[in-house]
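Required output: the full structure, derived from the provided sequences and hints.
There are 2 protein chains.
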Amino acid sequence: MTYGILMAGGIGSRFWPRSREAYPKQFLNVFGSTSLLQQTFARIEPLIPAARNYVVTHERYTALTNRQLPHVHVLAEPISRNTAPCIAFAAIVLRAQDKDATMVVLPADHQIHDEYQFRAVLEVAIEKAQAPGTLVTIGIKPSYAATGYGYIQYDGPTSERVRAYPVKTFAEKPNLATAERFLDSGDFLWNSGIFVWRADTILEKMKQHLPGIFEAFEKAASALGTPQEGEAIKAAYLRSTRISVDYGVMERAKNVHVVPGAFGWNDIGDWRAVYDLSQKNNHGNVLHNQVIVHDAGRCMVHGGSRLVVLVGTHDLLVVDTDDALLICHRENAQQVKNVVEYLHARQLTEFV
Amino acid sequence: MTYGILMAGGIGSRFWPRSREAYPKQFLNVFGSTSLLQQTFARIEPLIPAARNYVVTHERYTALTNRQLPHVHVLAEPISRNTAPCIAFAAIVLRAQDKDATMVVLPADHQIHDEYQFRAVLEVAIEKAQAPGTLVTIGIKPSYAATGYGYIQYDGPTSERVRAYPVKTFAEKPNLATAERFLDSGDFLWNSGIFVWRADTILEKMKQHLPGIFEAFEKAASALGTPQEGEAIKAAYLRSTRISVDYGVMERAKNVHVVPGAFGWNDIGDWRAVYDLSQKNNHGNVLHNQVIVHDAGRCMVHGGSRLVVLVGTHDLLVVDTDDALLICHRENAQQVKNVVEYLHARQLTEFV
Numbered sequence: 001m002t003y004g005i006l007m008a009g010g011i012g013s014r015f016w017p018r019s020r021e022a023y024p025k026q027f028l029n030v031f032g033s034t035s036l037l038q039q040t041f042a043r044i045e046p047l048i049p050a051a052r053n054y055v056v057t058h059e060r061y062t063a064l065t066n067r068q069l070p071h072v073h074v075l076a077e078p079i080s081r082n083t084a085p086c087i088a089f090a091a092i093v094l095r096a097q098d099k100d101a102t103m104v105v106l107p108a109d110h111q112i113h114d115e116y117q118f119r120a121v122l123e124v125a126i127e128k129a130q131a132p133g134t135l136v137t138i139g140i141k142p143s144y145a146a147t148g149y150g151y152i153q154y155d156g157p158t159s160e161r162v163r164a165y166p167v168k169t170f171a172e173k174p175n176l177a178t179a180e181r182f183l184d185s186g187d188f189l190w191n192s193g194i195f196v197w198r199a200d201t202i203l204e205k206m207k208q209h210l211p212g213i214f215e216a217f218e219k220a221a222s223a224l225g226t227p228q229e230g231e232a233i234k235a236a237y238l239r240s241t242r243i244s245v246d247y248g249v250m251e252r253a254k255n256v257h258v259v260p261g262a263f264g265w266n267d268i269g270d271w272r273a274v275y276d277l278s279q280k281n282n283h284g285n286v287l288h289n290q291v292i293v294h295d296a297g298r299c300m301v302h303g304g305s306r307l308v309v310l311v312g313t314h315d316l317l318v319v320d321t322d323d324a325l326l327i328c329h330r331e332n333a334q335q336v337k338n339v340v341e342y343l344h345a346r347q348l349t350e351f352v
Numbered sequence: 001m002t003y004g005i006l007m008a009g010g011i012g013s014r015f016w017p018r019s020r021e022a023y024p025k026q027f028l029n030v031f032g033s034t035s036l037l038q039q040t041f042a043r044i045e046p047l048i049p050a051a052r053n054y055v056v057t058h059e060r061y062t063a064l065t066n067r068q069l070p071h072v073h074v075l076a077e078p079i080s081r082n083t084a085p086c087i088a089f090a091a092i093v094l095r096a097q098d099k100d101a102t103m104v105v106l107p108a109d110h111q112i113h114d115e116y117q118f119r120a121v122l123e124v125a126i127e128k129a130q131a132p133g134t135l136v137t138i139g140i141k142p143s144y145a146a147t148g149y150g151y152i153q154y155d156g157p158t159s160e161r162v163r164a165y166p167v168k169t170f171a172e173k174p175n176l177a178t179a180e181r182f183l184d185s186g187d188f189l190w191n192s193g194i195f196v197w198r199a200d201t202i203l204e205k206m207k208q209h210l211p212g213i214f215e216a217f218e219k220a221a222s223a224l225g226t227p228q229e230g231e232a233i234k235a236a237y238l239r240s241t242r243i244s245v246d247y248g249v250m251e252r253a254k255n256v257h258v259v260p261g262a263f264g265w266n267d268i269g270d271w272r273a274v275y276d277l278s279q280k281n282n283h284g285n286v287l288h289n290q291v292i293v294h295d296a297g298r299c300m301v302h303g304g305s306r307l308v309v310l311v312g313t314h315d316l317l318v319v320d321t322d323d324a325l326l327i328c329h330r331e332n333a334q335q336v337k338n339v340v341e342y343l344h345a346r347q348l349t350e351f352v
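First to last, the sequence lines map onto chains A and B. To convert, note that position 156 of the first sequence is 156 in the working numbering; the numbers rise steadily by one, no gaps. To convert, note that position 182 of the second sequence is 182 in the working numbering; the numbers rise steadily by one, no gaps.
Hints listed in this document are in silico derivations from the structure and should not be mistaken for laboratory results. On a predicted model such as this, the values are computed, not experimentally measured, just so you know. A hint or two may mislead.
[To be verified] Computed spacing ranges between beta-carbons, pair by pair:
no., chain 1, residue 1, chain 2, residue 2, range
1, B, 224, A, 294, 41 to 49 angstroms
2, B, 345, A, 185, 52 to 60 angstroms
3, A, 46, B, 347, 43 to 51 angstroms
4, B, 335, A, 159, 16 to 24 angstroms
[What the hints assert, rightly or not] One side only, chain A facing chain B, incomplete, derived with CB under 10 angstroms:
no., residue
5, 147
6, 286
7, 307
8, 343
9, 344
Yeah, the Cβ is synthetic: ideal placement off N, Cα and C, and Gly gets one too.
Shown next as structure tokens:
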């Protein structure tokens with residue numbers, strides 16, 4: 001059977017001050033009325049019913065997850081260790097109840113425009129992933145020379161039809177010149193971080209490429225469903241290194257395939273991405289809550305409880321909360337995470 | 001005897017949101033620890049003791065004025081009608097108790113660096129103003145081609161010594177080219193709005209040039225010190241037109257003299273002026289209260305109760321209060337008053 005694994009463990013520090021450790025971005029409704037996590041679930045549910053979906057997140061977010069997705073299982077991580085341990089945890093849980101379990105791994109902070117095309121692409125990936133030993137990833141046909149995404153080089157495309165192709169290489173985030181070469185070449189895709197594979201297959205690959213993590217979770221597997229489960233999982237995380245499944249497995253493994261998709265995908269990485277994807281007025285402004293603008297353009301304001309007035313400003317991202325206010329130039333949105341690091345370094349933890 | 005008349009009737013809408021109708025700029029300490037009004041009083045007190053100083057302000061600010069300057073008299077205006085009625089009111093009050101009263105009229109929103117030089121200039125002006133029929137104004141030797149001030153053309157200077165000179169003409173705020181001509185000519189001064197004259201003299205000049213206002217206040221004069229005083233003053237204001245003493249009297253009168261001064265004068269007109277006059281750090285930032293900056297320069301933040309974070313911003317004026325936040329480009333500071341007008345027009349009076 002097929003299962004959904006929604007990865008919602010991040011703290012989204014680039015969305016400070018709206019995103020706090022107590023309430024990270026994937027639980028926020030930065031667009032419309034539901035959260036990024038709820039939108040991720042709503043997209044997959046027509047393919048995988050609620051009872052076969054699992055949210056993997058830090059244990060401090062268990063209650064929050066249950067409130068937003070009451071019908072979905074939660075796998076609580078005792079500590080955050082990037083995606084490889086997270087996926088190992090999900091894999092041993094699924095394998096224990098279904099030896100033929102296939103996992104659809106979905107980051108919980110994406111925006112996707114064409115859900116139907118998205119599910120059509122997943123169905124092809126799921127079918128391909130039935131073959132033991134096969135890892136499948138979803139690649140996005142690039143619409144511009146993005147420098148903020150990793151890339152996948154593949155053998156194709158040989159047809160317009162949605163199908164899987166062998167992966168040649170994975171490439172880190174490129175500089176602009178390289179990104180433009182990738183775009184022109186036609187055989188590079190954006191790495192979406194969406195994966196499909198059998199639970200036993202990914203564990204087998206981890207045994208090869210991440211033996212430490214594999215052994216830690218194999219050891220914990222025997223305790224699943226016993227009173228010792230919590231302690232065993234905690235021990236497994238403590239023994240695991242902090243590493244992503246891309247770097248730890250995908251870039252090293254054989255028999256990796258990619259299904260190219262064109263369904264209007266965006267990784268909501270920072271406030272600038274929210275601005276780019278938001279509906280703008282004819283001055284290019286995006287204004288939420290009580291805002292007055294005078295000679296201002298290309299600004300986004302996520303207001304709080306107070307009146308916000310912009311006079312003569314351009315290209316600003318303004319996020320107002322009760323205890324903290326961010327005013328950021330649109331081109332500097334990535335640096336917001338540095339501010340959160342600074343707040344930690346300065347022990348200003350009431351703001352993080 | 002000589003008396004101080006501190007004009008503190010304005011609402012300072014260009015200092016919104018810190019300046020509110022309930023608490024205007026002259027009562028705020030935008031610099032240091034005392035308000036602009038208290039600083040104005042402190043400058044004049046060595047020359048004119050507290051008991052001979054009067055603050056003319058709207059009646060709604062009487063309590064506020066008494067709190068800030070407990071030893072100074074308050075003349076409460078029932079409505080605001082610019083400076084001519086304000087000065088007529090003060091003149092009839094002084095004349096009633098001292099037929100030889102000389103008035104030193106001081107706007108309450110100036111910043112002056114050299115107090116000693118300032119008082120030396122005033123002493124020369126006071127002496128000159130003893131001659132009946134003489135109006136004396138203080139002119140500021142211009143330090144640059146300012147377009148935000150009115151100018152005074154005078155006959156001089158003929159010596160370095162501080163002395164009074166006849167005024168040729170008053171000029172409105174000029175454009176930059178004209179301001180540069182004024183600066184080069186050497187016989188133009190900034191119009192400071194500081195005046196010295198005998199009470200009977202200014203009333204005599206008003207009889208000539210502003211007969212309506214003159215008659216209104218002459219009529220009220222007879223009621224001073226009686227239970228009818230309040231009603232009589234209110235009637236005088238209601239009968240008075242809204243006009244400045246510069247336009248209504250100075251520009252039309254004969255026998256007007258100016259004493260040029262060089263004591264580091266600034267008219268604190270808007271937030272940009274506050275920035276210009278504030279001590280800056282080596283990124284050109286002026287930061288009050290809890291502020292964190294990352295790649296930001298030439299910004300001023302008057303923070304409130306919350307943390308303010310700037311990322312990658314330049315040339316911004318940020319003023320944070322509990323119910324309203326202003327983010328203004330430094331070049332647009334003058335337009336803040338338009339926002340206040342807009343708030344009135346939209347009935348958003350809780351914010352003004």
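Now the hints, each set against the structure:
no.	hint	result
1	B:224 <-> A:294: 41 to 49 angstroms	45 angstroms, holds
2	B:345 <-> A:185: 52 to 60 angstroms	58 angstroms, holds
3	A:46 <-> B:347: 43 to 51 angstroms	48 angstroms, holds
4	B:335 <-> A:159: 16 to 24 angstroms	59 angstroms, violated
5	147	18 angstroms, violated
6	286	15 angstroms, violated
7	307	4 angstroms, holds
8	343	8 angstroms, holds
9	344	12 angstroms, violated
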